[in-house]
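Read off the chains here:
Protein chains: 4
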Amino acid sequence: MPETADQPPIAPDHAGDHAPAHTPQDHAEVYSFLGPSGTFTEAALAQVPQAKGKHWRSVNNVGEALGDVVAGRSVAAMIAIENSIEGGVSVAQDALATIPDLRIVGEYLVPVNFVLVARPGTRLSDVKVINAHPVAYAQCHLWLDANLPAHGHLPSSSNVAAAASLLDGSPADAAIAPPGIIDHHDLEVLAENIGDNPNAVTRFVLVSRGTAIPAPTGADKTSIIAELPDDRPGSLLDLLEQFSTRGVNLSLIESRPIGDSLGRYRFVIDADGHISDERVADALLGLRRFSPAVIFLGSYPRADGRHVDYDHRYRDEVFTEAREWLKGLTAPPGE
Amino acid sequence: MPETADQPPIAPDHAGDHAPAHTPQDHAEVYSFLGPSGTFTEAALAQVPQAKGKHWRSVNNVGEALGDVVAGRSVAAMIAIENSIEGGVSVAQDALATIPDLRIVGEYLVPVNFVLVARPGTRLSDVKVINAHPVAYAQCHLWLDANLPAHGHLPSSSNVAAAASLLDGSPADAAIAPPGIIDHHDLEVLAENIGDNPNAVTRFVLVSRGTAIPAPTGADKTSIIAELPDDRPGSLLDLLEQFSTRGVNLSLIESRPIGDSLGRYRFVIDADGHISDERVADALLGLRRFSPAVIFLGSYPRADGRHVDYDHRYRDEVFTEAREWLKGLTAPPGE
Amino acid sequence: MPETADQPPIAPDHAGDHAPAHTPQDHAEVYSFLGPSGTFTEAALAQVPQAKGKHWRSVNNVGEALGDVVAGRSVAAMIAIENSIEGGVSVAQDALATIPDLRIVGEYLVPVNFVLVARPGTRLSDVKVINAHPVAYAQCHLWLDANLPAHGHLPSSSNVAAAASLLDGSPADAAIAPPGIIDHHDLEVLAENIGDNPNAVTRFVLVSRGTAIPAPTGADKTSIIAELPDDRPGSLLDLLEQFSTRGVNLSLIESRPIGDSLGRYRFVIDADGHISDERVADALLGLRRFSPAVIFLGSYPRADGRHVDYDHRYRDEVFTEAREWLKGLTAPPGE
Amino acid sequence: MPETADQPPIAPDHAGDHAPAHTPQDHAEVYSFLGPSGTFTEAALAQVPQAKGKHWRSVNNVGEALGDVVAGRSVAAMIAIENSIEGGVSVAQDALATIPDLRIVGEYLVPVNFVLVARPGTRLSDVKVINAHPVAYAQCHLWLDANLPAHGHLPSSSNVAAAASLLDGSPADAAIAPPGIIDHHDLEVLAENIGDNPNAVTRFVLVSRGTAIPAPTGADKTSIIAELPDDRPGSLLDLLEQFSTRGVNLSLIESRPIGDSLGRYRFVIDADGHISDERVADALLGLRRFSPAVIFLGSYPRADGRHVDYDHRYRDEVFTEAREWLKGLTAPPGE
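Residue numbers (numbering that gives the first Met the number 0), protein chains in the order written: chain A, 0 to 334; chain B, 0 to 334; chain C, 0 to 334; chain D, 0 to 334.
Note that these hints are calculated values from the structure, not bench results.
Just a few of them, taken from the derived set where beta-carbon distance is under 8 angstroms, the chain B residues facing chain C:
no. : residue
1   : Asn196
2   : Gly233
3   : Leu236
4   : Ser250
5   : Glu253
6   : Gly258
7   : Asp259
8   : Gly262
Pulled from the structure, derived: some chain B residues nowhere near chain C, Cβ distances all over 12 angstroms:
no. : residue
9   : Gly71
10  : Asp182
11  : His306
12  : Glu316
Ideal Cβ positions, reconstructed from N, Cα and C, are used throughout, including at glycine.
Chain A on its own, in the form it takes in the complex:
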């Protein structure tokens, strides 16, 4: 399968396909990912059992991947959501905030590791210019400063494209790439583990459409995007209290500019628990009442499988008992 045909340095709109033959009725079986083969995103998709043996559609950016889902070209798209290498948190978060009817149905972690590759025969001392995606480039800052202090940087649109371009006329001498790149391209590794942080990991989410929600597992998270009602002091405090008064812990809270003017933000939130948990559902109710715009992005199993820990006074029985109690207070005599 000619992977390199998927990797035109100039024509990102040209997407490639894993499976050579497919027909429109297969769309429910297509998975979109940031390609081409060898990307970290592909490694994340490889963790999805139901995607095994299905058609994997390689696309050029997050917008295209989510566009496939919205248009029905794919059943789901794998996108990087945090500490991203392939395009970053902000783009994905903003896309999820503005494209309607998307749902996160799974979370996956991929260790991030880089190698420096070059055309066969190149020596490290020959390297003057390096092809690299800007984010990957930034993550190898320390190694480059120590080993190639005088190098130049030629930005690339993806990690794989950076490497592939070496065989396609690029003036660069070397490229920063994922370790698996040499399985796909005739390149040699000049240095391994050149990333600054040996524990780096990228978090991916599998995004689908519709209202189906994966069943609760006890180790779930719920993703939400919410705007603050106004910029009065303390409104973020009020938002956070919607969770804390229900004993719901947040594993992520990020602000993103809404974009219409400086100083207006929406918040991207990952909460521990599942929408079918009473405390999470009640927090969602509180959030909906509080926020002028709230998007439920889904409840899904955590990639790390860590069980959600919460105070026993927020367990489901407490919520149902309270509802029964309230109902009893206003029941007519004799009931």
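Place chains B, C and D on chain A using the hints.
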């Protein structure tokens, strides 16, 4: 029915009945109040339209009044609940906290005003010893210091009893009493308006049994008694947040010792609004989940008729809309 | 000095003096307490080492006791402050809130225990009317209901006066009194331990004048009275946050009506720690800025001797380090 | 001056200079900015009065700009901090969080506006591949979709580089650039105002070294970066309370991964007011005590000149009065 059989043999607060004749089947029409005739409590009961023309049962203390309601001897009891003259907040609050199945169904305000009365012929300069209920005595402190600096105080069990005892062999020369006392007893007023605070008012509540709740009027309050879950720092903060996160204002919060050991308290709370208001019902749910012991004392019209003011983002429609939204999130496709 | 001249002509709570002889220059050595001999307050004063062998001045009520201190007649006064038998929390709290320049310098606990006493020869079955201070009477409710269901109640101004009056012409047959009463009066005990709560205890404070503060012991509390800035929703939350954001736990918070109109309260607060603790001092600063009226009542050793437990991130060093840091931020270059 | 010499597509380490001649002793007069000429960053630097007529050093990225300041090569560096076009918030925020001894001394706003440029003679219909910095490319998404739906994207390292490369052998047909680009390069404008948001603006800060703080103007902001003490629920709430309990409003709060592991964040905060404001200084003290790592980035005049509005109960006098009060509480008698 021998009402007087309920009276202690030496009863400074000699109780009586307004209506001379009644039968057991009339019990649903009996109202208990702290007597005897002339008390501020009687003045509060006189504000209740449905009590007009019914049997008013004079009792000696709050416990007896509520006991009448519990035992079915009365349909309701009028008791002082705040800034009380006739026995005080604490006794009433503790009784409501410990006697089950009571409901406050109305609130009434009575201006508090005192006169100094004496047997006919007594002059102010003759007064050496004053009969007075301790609370009333305390409220006339400034006038007494200025006008009778050398007097002695003989405590009495009620304001009316203080005055009545003057005609019953008391060694006192004068008594502090409510203004209406001279309608009931052959006494003369030596001084009027002797209370320290001309705006003093006592708040009374009418207490009934069962689960019927007065219809919302838009000017309602809801009374609750709740214990804190434990004495960890901040648990009172958590309790208050149950209201503030729903936009519910509190007009009263008082702590009362639970009584089993020092340092353990329950809180008596008056919240603006009616249990049929979504925001109040939701705060009650939150409170029930939070507190190991919460008593709903009722929702009823405010005595001052002041409309409840609250932020429009806590109006009923916001709550019902949020519930619909949450329901839609988890609805199967096609619904 | 004619102490008896201070007594009202009809004084059920006949006050007296422990020491037969004293002169005005002894005033700094006089301690006032709610008398007469045999009261729980006297038992509290007996716990004060520095009061040993000094003149103890018996007075009739809290106001008189604090008046002695203000006027310089006493060096200190012992008053009941919580769960009180001898006159109650509210009176003491309100006095501390309104009389300036008072300081609490010590805290003492006295177990509360009652006996039923009568003139020699009286049998329990003879008892028809009982003399009792209303608060003591309320605390023996269960025993009385079970053993003397048909009794009448004659209120008294103090526990000791209730007993003493049996020998002074009272029509009552028995009295509720502290256990030590038979050391002072020719009475017999009809029943012991008649209080409803075997663990009942009254908390007393020793009140002095001036600005001297007992040295910190590590097991201290700090008493404050503060008004809320207005009745906007959440202002009590804001007050509590002054403590919680400095890691200061509260062992007591009580609301007391300010008295000028319904719905306005001041809060009586006991905080763990000493004003010389950085976190307590900082909370006091925050409280002073927040509250339109705040009264510092003192820092003093806790009666229970329990060491104050607090998060290590609020220890003194953290405060001084932060001040140094802030100072460094704005220091001119070179310093 | 040969601007294009500053713009090697491959050698970003080669920086350019505005002033043809300078010597080491001029370093205090050098200002670094993300070049080359024509960038939005240069437009921001043009707003700085004290930079007029000084040497402007063009650099390739934020790290290089701040490196100049740290190394003493420049007196200050202008960097984009929010809603950035030239490289983004995250890079700048992370650099400020990790490079010690930097101070923000000014804030500047530059409207963001884009044109599509091409080599002379090119028509819009000829455009197949577009050179663009990824952020600028993302901001013109709507216009490109509508007018050039089939284009390809070639990423560039800066907006100016994108345009300059058209004259330097780039295979692209057009470039997205700032409007002033045609003053520096022989290019033609194919379309104006192609940005999606006509009100887009980028916020820049001028970063210097040392401890000098611009004098307060009444329209200031204070920038801080702080880590949370741990990931217990509610610790972000606690952080926010450090500001809200002192009446300090936040205009920005952003989380940034600390980078050592997923789920650990630091928060970038802009607070209204100046460190010389008592309420801001006190909030900084609280923050320092709370946070295991807090960086004060400076107090400086706001770009929009908007006066800081705050509740009068947080004015300086209230803080100084409270300190005097506290001091008086513990003063020895006679002082």
